[in-house]
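Novice: Since the structure of chain B is already known, use the hints to place chain A on it.
2 protein chains.
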Amino acid sequence: MQEAKGHIWLTREDARARVLEASRFSPRVERIAVAQSVGRVCAADVASRQSLPNAPSSRWDGVAVRYDDFAAGMPDTSGWREGREYAFSNTGIGIRGDYDTVVRIEEVSFDAEGRISFAAAPAQRGALVMPVGATLEEGEPLARTGQTITPELAALLAGGGWAEVDVYARPRVAFIPSGNELVDAGRELPLGKNVETNSLMAAAKLRAWGAEPLVRPIVADDVGLLVEALCEAVEDCDIVILNGGSSKGTDDCAVPAIERVARVLCHAVLMGPGAHTSLSVTSEGVPVIGLSGPSGGAECTIDWYVKPLVDRYFGLGFNEPPKVRARLLAALDLSQRSSGSKVKMAVRCLLARSSDGFVAAPMGVLPESLRLQYRGGNAFVFASGVGFALGEEAEAELRYPYAFPPRAEGLFDDLESHALVL
Amino acid sequence: MQEAKGHIWLTREDARARVLEASRFSPRVERIAVAQSVGRVCAADVASRQSLPNAPSSRWDGVAVRYDDFAAGMPDTSGWREGREYAFSNTGIGIRGDYDTVVRIEEVSFDAEGRISFAAAPAQRGALVMPVGATLEEGEPLARTGQTITPELAALLAGGGWAEVDVYARPRVAFIPSGNELVDAGRELPLGKNVETNSLMAAAKLRAWGAEPLVRPIVADDVGLLVEALCEAVEDCDIVILNGGSSKGTDDCAVPAIERVARVLCHAVLMGPGAHTSLSVTSEGVPVIGLSGPSGGAECTIDWYVKPLVDRYFGLGFNEPPKVRARLLAALDLSQRSSGSKVKMAVRCLLARSSDGFVAAPMGVLPESLRLQYRGGNAFVFASGVGFALGEEAEAELRYPYAFPPRAEGLFDDLESHALVL
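Top line first, the protein sequences correspond to chains B and A. Our numbering runs 2 ahead of the 1-based position in the first sequence. Our numbering runs 2 ahead of the 1-based position in the second sequence.
Because the hints were derived from the structure by calculation, they are not lab data. Among the clues, some could well be false.
The list treats identical chains as one, so a pair stands whether inside a single copy or across any two.
[Said to hold, decoys possible] Lysine to any residue pairs mimicking SDA-like chemistry, simulated, CA-CA at most 20 Å apart:
hint, residue 1, residue 2
1, K309, P153
2, K325, G359
3, K325, F406
4, K344, D415
5, K346, D16
6, K325, S356
7, K325, R409
8, K325, D358
9, K346, V326
10, K346, A421
11, K346, E395
12, K344, D16
13, K309, E23
14, K309, S28
15, K325, F360
16, K346, A19
17, K325, A405
Every value quoted in this text rests on a predicted model; they were computed, and no experiment measured them.
If we strip away everything but chain B, and leave its shape as in the complex, we get (with noise of 0.2 Å):
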């Protein structure tokens, strides 16, 4: 691991709150059609316009009468008539506004001749009727600023009245690939080349965090394209990814070329995967993230770096992962590693529940099928100085989108090994 002079290197959560404290967002606001805005985020409180029901309504099919002609007791309804004494109301239907009580159908009898019958009568004033505002209330809150929509919170917006609603826009994040080494996915691969997958890893991410991904052409491994390339992204987006270029050797181009557009925060940080990135931000406030170039570290750094940026644009405050104590089902063996490294391991792990709380497995010793299943593992475990032993307690980070963890009964059965060597 390269550790030129004078490149700062930060850990992992001070290069975040570095990062996140030097940038500055200024998030536009448009007006979208409820039925469209799941997954987005309110740009403002939204309140109910409107009272439902927006009248007294039947709470059962039946009838709906006056309350008072009953307050002495049974009527004699031989002469009563639809529409003057009683009308049929149906369950969520508004009444009319002379009648205030309604009699379940299942009370109601009609003679021969049509005459109507009741076999009790209402117990009290509004039986039965649900009033203005039961569900919801004219000026209730439905949803705060920052809140992302859910198909729930759609569907009550909607009955609230509203037909669009004021979301921030989308943030426009720029994906720039570099490295000569790269062609784009779906070619001919030439021997001796790489394919370049990151872009469609972050675009997908991007997307379900709630940016636009603009992914640009492959940069050769040249500052002067990529200070092109940087310069051009920054003037319009609300944050730079540039990914690549940040690997061993001095041929390292991504620094150089974020240094003309942007002050370096630190050129690397203290954890892997993915210890080269380096966190910049122009004298604008726009991020720009020299995303590390290899696939697991570019998948774990998005994570880490990118998506507390997308949040902080929609206002939201930094949130740190859930951590809990977990039982290792296996050693995480570090003394094969260079003893100098200060750089922290996250390790990929598969957290589950057991009966007496969290245990996790390093995704290296799950038998084929649950790597594939869980590729990736659903949290970190991380690994410094000589490790951890078998059994050994350690703190363990969900990786997101954050979900809750499987059962451990049955689940590691399979352990291909009890050990991982880093």
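Specialist: Just chain A, lined up with the frame of chain B:
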């Protein structure tokens, strides 16, 4: 609650099991671009078509050499020429077939005449060379049938040489809103009418589950019209949802209409909200769900009965939702409910992690800010009999999508009550 004669009531679990067992799906397969495949479900096992790297590649920026030239110690390199005894090699790029070893550029220097010299000989043959397949081996399994494609997996498929992938076509799910009281969202709401919002909620959920929602026009409470809509839907859909028309009273049209096109497995379920949900299957095996009308019921019942059917279309087994024991932060008082009811209530709660396990508070006792933030809750507690006392332990079932619960510390400082009367 209407318990009509001859009506079949099942527990939620039995109802779900019966409809899963009786439904028959013929999932279609389609080939789509890997770049568009995130969220879709693999219809075949996928193995890598290529090895990565596809040629021995440099692990570092440096020069590629032949190890044999160093076997007898440091050679005289004064006559060496680029492209003959050595060639520049960059990280991740294939080295020419006649070289086998890489020396870091940091250990190489050139004199004024451009003659190369090495600070140290390579330690072994193949040093700093990544062999073919070190990242990915041809034939290596990448995904299994039934696996949902994540951003990471899509990138991996592209890396494995796949531009397209076979996925299951989205199941077609008809959603038929019904009820005389309903008006399309976004239109002016006449007095005494209600907004149809469930289709919006259902369509968004179905899309998130990988299905294609087909929302039909609102149908009036008329058995003939409903039968017509159902006949059309069962013809060309994999799953049919009839929403509403299954509420209180005798004017209930949903079940009589469904009975004309499908065999009713149950007319209602012993679980609220949404007890008035019917489950049926046509002779062709198409499930027809008579989904509860009120939005609170519809939100829950679509998760309970429709989500497992969508999963089953994809060939996936049913997984019970995660359940944990949780200490209740408010009493659940059911003493006011009619004692004869066998219907259990699923009470929406905010479930959180405390230092020694889980705690849960019913949404109804939370302050407005939390009710808005966690609208609908993240878990259910099932109340029957007289309910639960404050501090009692209950089983909490996570609500889909089964997110890891937040930390309890400080979250529940402002409860509005310590009892919820149901």
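Novice: Are the hints correct? Go through all of them and say.
Specialist: Tested hints:
1. For the homomeric pair K309 and P153, the shortest alpha-carbon distance between copies (14 Å) is at most 20 Å, but the shortest distance inside one copy (22 Å) is not.
2. In this assembly of identical chains, K325 and G359 lie within 20 Å of each other by CA distance both inside one copy and across copies; the values are 12 Å within and 14 Å between.
3. With identical chains, the CA atoms of K325 and F406 are at most 20 Å apart both within one copy (12 Å) and between copies (10 Å).
4. In this assembly of identical chains, the alpha carbons of K344 and D415 never lie at most 20 Å apart, being 35 Å within a copy and 41 Å across copies at closest.
5. Within a single copy, K346 and D16 get their C-alpha atoms as close as 14 Å, which meets the 20 Å cut-off; across copies the closest is 50 Å, which misses it.
6. Taking the shortest alpha-carbon separations for K325 and S356, both the intra-copy value of 16 Å and the inter-copy value of 12 Å come in at or below 20 Å.
7. For the homomeric pair K325 and R409, the shortest alpha-carbon distances inside one copy (17 Å) and between copies (10 Å) are both at most 20 Å.
8. Both within a single protomer and between protomers do K325 and D358 lie at most 20 Å apart by alpha-carbon distance, with minima of 16 Å and 14 Å respectively.
9. Within a single copy, K346 and V326 get their C-alpha atoms as close as 18 Å, which meets the 20 Å cut-off; across copies the closest is 33 Å, which misses it.
10. With identical chains, the CA atoms of K346 and A421 are at most 20 Å apart within one copy only, with a shortest distance of 18 Å there and 48 Å across copies.
11. Proximity of K346 and E395 under a CA criterion of 20 Å is satisfied intra-copy only: 17 Å inside one chain copy versus 40 Å between copies.
12. Proximity of K344 and D16 under a CA criterion of 20 Å is satisfied intra-copy only: 15 Å inside one chain copy versus 56 Å between copies.
13. In this assembly of identical chains, the alpha carbons of K309 and E23 lie at most 20 Å apart only when taken from the same copy (14 Å versus 41 Å across copies).
14. In this assembly of identical chains, the alpha carbons of K309 and S28 lie at most 20 Å apart only when taken from the same copy (17 Å versus 39 Å across copies).
15. Proximity of K325 to F360 under the C-alpha cut-off of 20 Å is found in both arrangements, the shortest distances being 11 Å within a copy and 15 Å between copies.
16. For the identical chains of this complex, K346 and A19 are intra-copy neighbours only, at 18 Å inside a copy versus 48 Å across copies, given an alpha-carbon limit of 20 Å.
17. In the homo-oligomer, the alpha carbons of K325 and A405 lie at most 20 Å apart both inside one protomer (12 Å) and across protomers (14 Å), since each shortest distance falls under that limit.
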